[in-house]
Amino acid sequence: MTGATNARERFAGRVAAVTGTTSGIGRGIASALAAEGALVFGLDVEPGGIGEHIPCDVSDAESVAHAAADLLALSGGRIDHLVANAGIRGSNTAAEDVPIGAFDAVLAVNLRGVFLTLQAFAPAMLAAGSGSMVAVASMSGNRVVNVPQRTVAYNTAKAGVTAMARTLAVEWGPRGVRVNTVSPGYVSTPLLEADSALHGQWLPNTVPGRFATVDEIAAGTLYLLSDDAGYCHGTDLLIDGGYSLR
24 MTGATNARER FAGRVAAVTG TTSGIGRGIA SALAAEGALV FGLDVEPGGI
74 GEHIPCDVSD AESVAHAAAD LLALSGGRID HLVANAGIRG SNTAAEDVPI
124 GAFDAVLAVN LRGVFLTLQA FAPAMLAAGS GSMVAVASMS GNRVVNVPQR
174 TVAYNTAKAG VTAMARTLAV EWGPRGVRVN TVSPGYVSTP LLEADSALHG
224 QWLPNTVPGR FATVDEIAAG TLYLLSDDAG YCHGTDLLID GGYSLR
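Going by the numbering used here, the first residue of the sequence shown is number 24, and it counts up by one from there.
Because the hints were derived from the structure by calculation, they are not lab data. Owing to the predicted nature of the structure, the values given are computational and were not obtained by experimental measurement. Each residue gets a CB set at the ideal place from its N, CA and C atoms; glycine is no exception. Take the hints with a grain of salt, since some may be wrong.
Here are the in silico distance ranges between beta carbons for each label pair [as the list claims (entries may be wrong)]: (1) 222 x 32: 36 to 46 Å; (2) 100 x 194: 15 to 25 Å; (3) 142 x 96: 11 to 21 Å; (4) 250 x 190: 40 to 50 Å; (5) 150 x 250: 18 to 28 Å; (6) 142 x 215: 27 to 37 Å.
Whole structure, please, built from the sequences with the hints as guidance.
Structural data, given as structure tokens:
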């Protein structure tokens with residue numbers, strides 16, 4: 024059996040859940056998991072994503088709890104892999120002008136929502152003594168790379184996601200559940216296209232002179248989810264094309 028065949032079968036017979044699967048990175052991750060044999064459940068407010076759709080608003084604790092219960096009922100209580108991807112960017116506003124309600128709204132999805140998601144599925148994984156989780160953070164949670172930033176809530180939330188994952192890695196890792204993060208740089212998605220006026224400023228700061236593809240972020244995420252990354256606990260995989268080196 025070739026290495027390529029083995030790679031395509033890494034998730035055969037596994038159950039995976041991904042939040043935010045209707046577009047962008049989440050859709051790419053869900054597609055990649057399904058292509059490698061996983062039974063994928065897409066947790067999202069709207070249908071139309073990859074995998075079996077389960078309605079879920081990650082900012083609402085009751086909604087997340089119901090989604091987890093529904094998934095486990097459908098899977099016979101099994102969950103092997105979880106990707107907390109759902110997120111919003113928020114407004115492009117100077118920090119001194121950000122309404123506290125707008126700040127809270129970003130943290131509700133991008134930070135609180137990640138915790139609610141990981142917490143909801145942890146009991147099943149911990150009871151099984153195995154499982155892997157990846158939370159999608161950002162290069163902006165590691166380093167403030169552009170001036171002006173005007174994304175204080177987003178950056179704060181993503182930095183919190185990385186710290187959260189490291190904490191949970193230490194807490195849950197000894198009980199068989201690995202927790203890691205992937206931190207993308209600029210990725211070619213519809214969201215990035217909305218900022219096309221700034222592409223000329225950003226592109227020269229990437230080493231390869233291009234933005235990442237969704238497939239490249241998915242590949243890194245699947246590595247962290249897979250048994251190949253069995254020694255990765257609290258790892259933050261930075262996939263930014265060298266942007267933060269500039």
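Results for each hint:
Between residue 222 and residue 32 the beta carbons are some 38 Å apart, a value that agrees with the proposed interval 36 to 46 Å. Against the hinted window of 15 to 25 Å, the Cβ-Cβ separation of residue 100 and residue 194 comes to about 22 Å, which satisfies the hint. For residue 142 paired with residue 96, a C-beta distance near 18 Å keeps the hint of 11 to 21 Å intact. Separated by about 23 Å at the C-beta atoms, residue 250 and residue 190 break the suggested range of 40 to 50 Å.
The given range of 18 to 28 Å is respected by residue 150 and residue 250, whose C-beta atoms sit roughly 20 Å from each other. Taking the beta carbon of each, residue 142 and residue 215 are about 30 Å apart, inside 27 to 37 Å as hinted.
Hint 4 alone, counting from the list given before, is not met by this structure.
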